[in-house]
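Engineer: Protein chains in written order, with our numbering: chain A, 287 to 617; chain B, 287 to 617.
If you are wondering where the hints come from, they were derived from the structure by calculation, not from laboratory data. A couple of the hints might just be wrong.
Which copy? The list can't say, so a pair holds if one copy fits it or any two copies do.
Said to hold, decoys possible - Below, in silico cross-link-like pairs of lysine-lysine (DSS-like), each with a Cα-Cα straight-line distance of 30 Å or less:
| id | residue 1 | residue 2 |
| --- | --- | --- |
| 1 | K548 | K392 |
| 2 | K493 | K425 |
| 3 | K347 | K521 |
| 4 | K548 | K602 |
| 5 | K490 | K544 |
| 6 | K403 | K452 |
| 7 | K395 | K347 |
| 8 | K585 | K372 |
| 9 | K430 | K452 |
| 10 | K395 | K548 |
| 11 | K573 | K602 |
| 12 | K521 | K392 |
| 13 | K602 | K485 |
| 14 | K395 | K521 |
| 15 | K493 | K347 |
| 16 | K548 | K347 |
| 17 | K392 | K573 |
| 18 | K347 | K491 |
| 19 | K395 | K425 |
| 20 | K484 | K548 |
| 21 | K548 | K521 |
There are 2 protein chains.
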Amino acid sequence: MTNRRVALASRPSGMIEDNNFQLINEEIRELDQGEILIQIEAISLDPAIRGWMNEGTTYIKGIEIGAVMRSFSAGKVIRSRNENFKEGDYVEGLLGAQTHAISDGKGLKVLDMSSGKLSYHLGVLGMPGMTAYFGLLRKGKPLKGDVVYVSGASGVVGSTVGQIAKIKGCTVIGSAGSDEKCKFLIENCGFDYAINYKKEELNKKLKEYAPDGIHIYYDNVGGETLDIALLNLAKGARVIICGAISQYNNMGNIQGPKNYMKIVTARGLMTGIIVFDYVEEWPNAVKEIAGWISDGKIKVKEHMVHGLDNYVAALKMLFTGENFGKLILIP
Amino acid sequence: MTNRRVALASRPSGMIEDNNFQLINEEIRELDQGEILIQIEAISLDPAIRGWMNEGTTYIKGIEIGAVMRSFSAGKVIRSRNENFKEGDYVEGLLGAQTHAISDGKGLKVLDMSSGKLSYHLGVLGMPGMTAYFGLLRKGKPLKGDVVYVSGASGVVGSTVGQIAKIKGCTVIGSAGSDEKCKFLIENCGFDYAINYKKEELNKKLKEYAPDGIHIYYDNVGGETLDIALLNLAKGARVIICGAISQYNNMGNIQGPKNYMKIVTARGLMTGIIVFDYVEEWPNAVKEIAGWISDGKIKVKEHMVHGLDNYVAALKMLFTGENFGKLILIP
Numbered sequence: 287m288t289n290r291r292v293a294l295a296s297r298p299s300g301m302i303e304d305n306n307f308q309l310i311n312e313e314i315r316e317l318d319q320g321e322i323l324i325q326i327e328a329i330s331l332d333p334a335i336r337g338w339m340n341e342g343t344t345y346i347k348g349i350e351i352g353a354v355m356r357s358f359s360a361g362k363v364i365r366s367r368n369e370n371f372k373e374g375d376y377v378e379g380l381l382g383a384q385t386h387a388i389s390d391g392k393g394l395k396v397l398d399m400s401s402g403k404l405s406y407h408l409g410v411l412g413m414p415g416m417t418a419y420f421g422l423l424r425k426g427k428p429l430k431g432d433v434v435y436v437s438g439a440s441g442v443v444g445s446t447v448g449q450i451a452k453i454k455g456c457t458v459i460g461s462a463g464s465d466e467k468c469k470f471l472i473e474n475c476g477f478d479y480a481i482n483y484k485k486e487e488l489n490k491k492l493k494e495y496a497p498d499g500i501h502i503y504y505d506n507v508g509g510e511t512l513d514i515a516l517l518n519l520a521k522g523a524r525v526i527i528c529g530a531i532s533q534y535n536n537m538g539n540i541q542g543p544k545n546y547m548k549i550v551t552a553r554g555l556m557t558g559i560i561v562f563d564y565v566e567e568w569p570n571a572v573k574e575i576a577g578w579i580s581d582g583k584i585k586v587k588e589h590m591v592h593g594l595d596n597y598v599a600a601l602k603m604l605f606t607g608e609n610f611g612k613l614i615l616i617p
Numbered sequence: 287m288t289n290r291r292v293a294l295a296s297r298p299s300g301m302i303e304d305n306n307f308q309l310i311n312e313e314i315r316e317l318d319q320g321e322i323l324i325q326i327e328a329i330s331l332d333p334a335i336r337g338w339m340n341e342g343t344t345y346i347k348g349i350e351i352g353a354v355m356r357s358f359s360a361g362k363v364i365r366s367r368n369e370n371f372k373e374g375d376y377v378e379g380l381l382g383a384q385t386h387a388i389s390d391g392k393g394l395k396v397l398d399m400s401s402g403k404l405s406y407h408l409g410v411l412g413m414p415g416m417t418a419y420f421g422l423l424r425k426g427k428p429l430k431g432d433v434v435y436v437s438g439a440s441g442v443v444g445s446t447v448g449q450i451a452k453i454k455g456c457t458v459i460g461s462a463g464s465d466e467k468c469k470f471l472i473e474n475c476g477f478d479y480a481i482n483y484k485k486e487e488l489n490k491k492l493k494e495y496a497p498d499g500i501h502i503y504y505d506n507v508g509g510e511t512l513d514i515a516l517l518n519l520a521k522g523a524r525v526i527i528c529g530a531i532s533q534y535n536n537m538g539n540i541q542g543p544k545n546y547m548k549i550v551t552a553r554g555l556m557t558g559i560i561v562f563d564y565v566e567e568w569p570n571a572v573k574e575i576a577g578w579i580s581d582g583k584i585k586v587k588e589h590m591v592h593g594l595d596n597y598v599a600a601l602k603m604l605f606t607g608e609n610f611g612k613l614i615l616i617p
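Based on the provided sequences and hints, a complete structural model is requested.
Structural biologist: This is how it looks when you write it as structure tokens:
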């Protein structure tokens, strides 16, 4: 029986290149006592992967050269020598970009398949959904009537932030990179306004849609978008830094938010969200979001790519904005 | 009777120049009913003046061309046609850089001269002292044992922040631009550590003095110093933006804090202080600080410059770091 995996061949110094990765076939070894074998059915591709390809960061270790590309993946237990897992269980965790994974079970979550289909546990019910939920609710503290602006709005974090904000009675503005994505935000997700930042002037549109300013800016992109959002803060605004995808490939020359003094004049604050800080509260959040999905209050959009051969092409989509919805690789 | 005043002749586009200012002598007109005439004895020179020279900002109007340079000044009422003020009262407010001012009394504070000498009401008992007090206590929320780092530490805001932090049981690190200033911080103000940023490597020294990170960074300078502070945050750190003096003359090309993502990984937050938000609480804060001064817990350092002719040279000192202590112009 063979495992096929994507390994880190070399560290990129800017934008990822094909030669940073290598596809490897290898025989699957026997399980030791306490281990399980998982057949992976869905691999999550997230911007955070770019950070993990560096030597290391302050809060998480970098991927070692030759090791499987780190990813949150989900699949079925097909062999078990661990009493906490039985064959047929569905599990999710850092199982990597591969067809099969051997695990001692540590850090794995057994999935409640009644709360949503397998791939949802990598998106709206997984880390990105939790990032949206805890970032918006705990750090943004939305009040009814607040104006919430979210960038990268058609991604799973962004669309979940916007839809939860709508549930909380906010006015919601999203920005995304195509008319199709903007149409999805308005028609499917119930956003009040959507801005195609590639065609429309973001600052002008924000001033039009939020003449009294933005109370919560949920930042998924960084760069110029963050700077423009800072120009449009309402008094007491909360700026939540989630990602800085525009800066991830920008080694050693990060663009800081030059309008950061606007946080002062707006009597606002800038903070961030580290989703792992809330891990003990995830199960309750999963239940609440699953309820919203089944009530039709949260719509989910997925972008499926098939085959490990397409791993690099799929990963690049995250940085070009080509994907539309949560990017899932089916190995 | 003649008034001599410094007027704004033109708006600077970067660093201030002599030709942005003009000295004007003019006859003092008769008072209307409700007005008072003040003989100004002390003029405060503050970094905020540079901002007021621009066309206008989000929270305060720019100085008009030809108008007197805006300044907090203090002096004695020498004529009064306003029942709220009597001759001999000492008052403080936005009375400008001039020898005499006519005012309708709005926004003027009658000074309690028992709480400190006149110039103190422009410094440690005035706006800068209030900025230190409310910024540190309300935004920084110092806890006993916290490590507090303050830049621009030998200025009135910085030295007051550090000394209040010491009163609150914190470990205090300050940075300043000369050995003389650093000596003052340690020997007079009771700081635990002082860094001469012109001679020592700031990042290395912060790591040495705060090996477990900084809990509160009180930023008076912006630029590179802010970026280095962000590299040294402890978990849950509060970054308080007070000024960005290194950036005030840097029109249109503000350097944003490129390490802003460290706020996220540190689970910290960045916020600011607008001292006018606390104006109703100033009298109590003045009393508390005056008490600390008379108990010897807060030391005050002033830098007096004499003569309106020296206005521009004195103002420039703020941006070159040449002044040592609260800069006061005696007209």
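Engineer: Look at each hint and say if it fits the structure.
Structural biologist: Results of checking the hints against the structure:
no.	hint	result
1	K548 <-> K392	between (44 Å within a copy, 28 Å between copies)
2	K493 <-> K425	both (24 Å within a copy, 29 Å between copies)
3	K347 <-> K521	between (38 Å within a copy, 18 Å between copies)
4	K548 <-> K602	between (33 Å within a copy, 25 Å between copies)
5	K490 <-> K544	both (19 Å within a copy, 26 Å between copies)
6	K403 <-> K452	within (24 Å within a copy, 56 Å between copies)
7	K395 <-> K347	within (21 Å within a copy, 57 Å between copies)
8	K585 <-> K372	neither (32 Å within a copy, 70 Å between copies)
9	K430 <-> K452	within (9 Å within a copy, 41 Å between copies)
10	K395 <-> K548	between (42 Å within a copy, 29 Å between copies)
11	K573 <-> K602	neither (32 Å within a copy, 61 Å between copies)
12	K521 <-> K392	between (45 Å within a copy, 26 Å between copies)
13	K602 <-> K485	within (22 Å within a copy, 45 Å between copies)
14	K395 <-> K521	between (41 Å within a copy, 27 Å between copies)
15	K493 <-> K347	between (41 Å within a copy, 21 Å between copies)
16	K548 <-> K347	between (34 Å within a copy, 16 Å between copies)
17	K392 <-> K573	within (22 Å within a copy, 58 Å between copies)
18	K347 <-> K491	between (40 Å within a copy, 26 Å between copies)
19	K395 <-> K425	within (25 Å within a copy, 39 Å between copies)
20	K484 <-> K548	both (25 Å within a copy, 29 Å between copies)
21	K548 <-> K521	both (10 Å within a copy, 24 Å between copies)
Comparing the model with each earlier hint shows violations of hints 8 and 11; every other hint is respected.
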